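Undergrad: Which chain is which? The protein sequence lines are Z and U, in order. So in numbering that gives the first Met the number 0, spot 31 of the first sequence is number 30, and the numbers just go up one at a time. So in numbering that gives the first Met the number 0, spot 95 of the second sequence is number 94, and the numbers just go up one at a time.
Derived from the structure by calculation, the hints contain no laboratory data. Because the structure is a prediction, the values reported are computed rather than measured. Errors might be hidden in some of the hints.
Here are the simulated DSS-like pairs of lysine-lysine, each with C-alpha atoms no more than 27 Å apart in a straight line [what the hints assert, rightly or not]:
#1 K51(Z) with K283(U)
#2 K94(U) with K54(Z)
#3 K125(U) with K54(Z)
#4 K54(Z) with K284(U)
#5 K54(Z) with K47(U)
#6 K47(U) with K51(Z)
#7 K297(U) with K54(Z)
#8 K94(U) with K47(U)
Which bits of chain U does chain Z cover? Going by a derived footprint, with three or more residues having C-beta under 8 Å, they are [said to hold, decoys possible]:
#9 124 to 133
#10 154 to 162
#11 211 to 220
#12 224 to 232
Quick reminder that beta carbons are idealized off the backbone N, C-alpha and C, glycines included.
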Amino acid sequence: MNNKMHLKEGLLINTESLPFSVRLWTATSVQIPFKGPREVKSFGTREYKYKKYYKYISRRG
Amino acid sequence: MSDKIVFRLFSSCLLTAGSTRALICDPQRGNYYTIPLSLYSIIAEQKKASIEETLAICEDQEEAEILKSYFNFLLEHELIFLCREDLADNFTPIKYEFDVPAIIANAIVQIGKKAEYLVDTLAQLKLLGCQAFELVVMTDCPLSFLSHILELCKGQELDEVNLYIPFNPETDYEALIEEYCFLSSVTICNAPTNEEIFLNGDSCTLRFSTKDLRDHRHCGIIAEKYFIPDLVHHSESLQHNTCLNRKIAIDVNGNIKNCPSLNESFGNIKDITLEEAICQPHFKKYWNINKDQIEVCKDCEFRHVCTDCRAYLEDPSNVYSKPLKCGYDPYTCTWEDWSKNPLKENIIIQYGIHSIE
Ligand code: SF4
Ligand code: SF4
Numbered sequence: 000m001n002n003k004m005h006l007k008e009g010l011l012i013n014t015e016s017l018p019f020s021v022r023l024w025t026a027t028s029v030q031i032p033f034k035g036p037r038e039v040k041s042f043g044t045r046e047y048k049y050k051k052y053y054k055y056i057s058r059r060g
Numbered sequence: 000m001s002d003k004i005v006f007r008l009f010s011s012c013l014l015t016a017g018s019t020r021a022l023i024c025d026p027q028r029g030n031y032y033t034i035p036l037s038l039y040s041i042i043a044e045q046k047k048a049s050i051e052e053t054l055a056i057c058e059d060q061e062e063a064e065i066l067k068s069y070f071n072f073l074l075e076h077e078l079i080f081l082c083r084e085d086l087a088d089n090f091t092p093i094k095y096e097f098d099v100p101a102i103i104a105n106a107i108v109q110i111g112k113k114a115e116y117l118v119d120t121l122a123q124l125k126l127l128g129c130q131a132f133e134l135v136v137m138t139d140c141p142l143s144f145l146s147h148i149l150e151l152c153k154g155q156e157l158d159e160v161n162l163y164i165p166f167n168p169e170t171d172y173e174a175l176i177e178e179y180c181f182l183s184s185v186t187i188c189n190a191p192t193n194e195e196i197f198l199n200g201d202s203c204t205l206r207f208s209t210k211d212l213r214d215h216r217h218c219g220i221i222a223e224k225y226f227i228p229d230l231v232h233h234s235e236s237l238q239h240n241t242c243l244n245r246k247i248a249i250d251v252n253g254n255i256k257n258c259p260s261l262n263e264s265f266g267n268i269k270d271i272t273l274e275e276a277i278c279q280p281h282f283k284k285y286w287n288i289n290k291d292q293i294e295v296c297k298d299c300e301f302r303h304v305c306t307d308c309r310a311y312l313e314d315p316s317n318v319y320s321k322p323l324k325c326g327y328d329p330y331t332c333t334w335e336d337w338s339k340n341p342l343k344e345n346i347i348i349q350y351g352i353h354s355i356e
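Pulled out of the complex, with its shape left as it was, chain Z reads as follows (with noise of 0.2 Å):
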């Protein structure tokens, strides 16, 4: 496995060399077999994503 990360400015640094692993973070998700998730729902309102306050100040409808 490459060890190094592409920064930015073209620099490369050791992952290695971080005080933990940063590829472990990433990279080890595949190698459980994809069965589907079951009773999982997903959500996420548009609406929300483009708020700048974080709530609703009323709730009317």
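Fit chain U with the ligands to the known structure of chain Z by using the hints.
TA: Same frame as chain Z, now just chain U with the ligands:
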């Protein structure tokens, strides 16, 4: 150095257990997922176990396959990550302390014919640190009056303004929104159609409604579309009321209230300052009623993404009762239309909700 690879929940992901299932919330992406309680306990315990060790405790192969699919789901959505066991304690938990630099954080201001006290009210709100405003024009609203109000807002350098106005066929709402970029939403009431348009690079919602949403009795709706998967909101919900904390309302007659739907007035804007009203002993009485104290909500997995309402209650005599306008049952995980529930019929009449347009 240990070679064992364990799984950890990302510190930014928030877990909430309900009585029947749990919720895992990813506030950075604005998503949330319902999960079974059994999976919740595996993640919440953070035992420093590897996935293989956790799968080994399954009773049979089928259970192991189901758990595998859950782990896969959690990894794919980056809700958990894998790391070496000896590094697993290096990830600091998030602090759930809530504070905002504001004595009053959001305000509802009803505006009458002349908008007489508007400048003074907005100036006072700015001084109190108010971050978001809801302005509700209760009278007819010709373009000249609307422009006058928006110019006043501009003069006060308001940031986030949500406007409720009656429909006027002569007004070009889109042009208005383009001109006044501090508008976050404009709701046109009594319009011929129901429609929603996103403008200004989606930073403003223009909403047309056939109902008169200026009437405060329309407020207090609990629905999934109003859920807020947000870290600040989550932290606030742990200690405070997610609707009324740091909220103030000034009704069309100048009465200072916690919200337009609550009857108690703390004085009139003509006679006292907002600061004087806030200092009154009962003004903050709802601020610290959190979801863990509210009946039924305390057992609900959505309680930290949901918003509260203390003005319309299932039992008006109990300040800790569930919001009337919620149709969710956390014990069966089902939604129903709250307005058609026969048990709520009398209370709906009591609040006068049945007769609104
Ligand atoms: S307490 Fe209820 S009616 Fe009042 S502003 Fe909040 S949601 Fe609306
Ligand atoms: S029971 Fe209804 S109001 Fe209470 S937290 Fe759940 S969804 Fe929200």
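Undergrad: I'd like to know which numbered hints this structure contradicts. Please list them from smallest to largest.
TA: Of the numbered hints, 5 and 6 do not hold.
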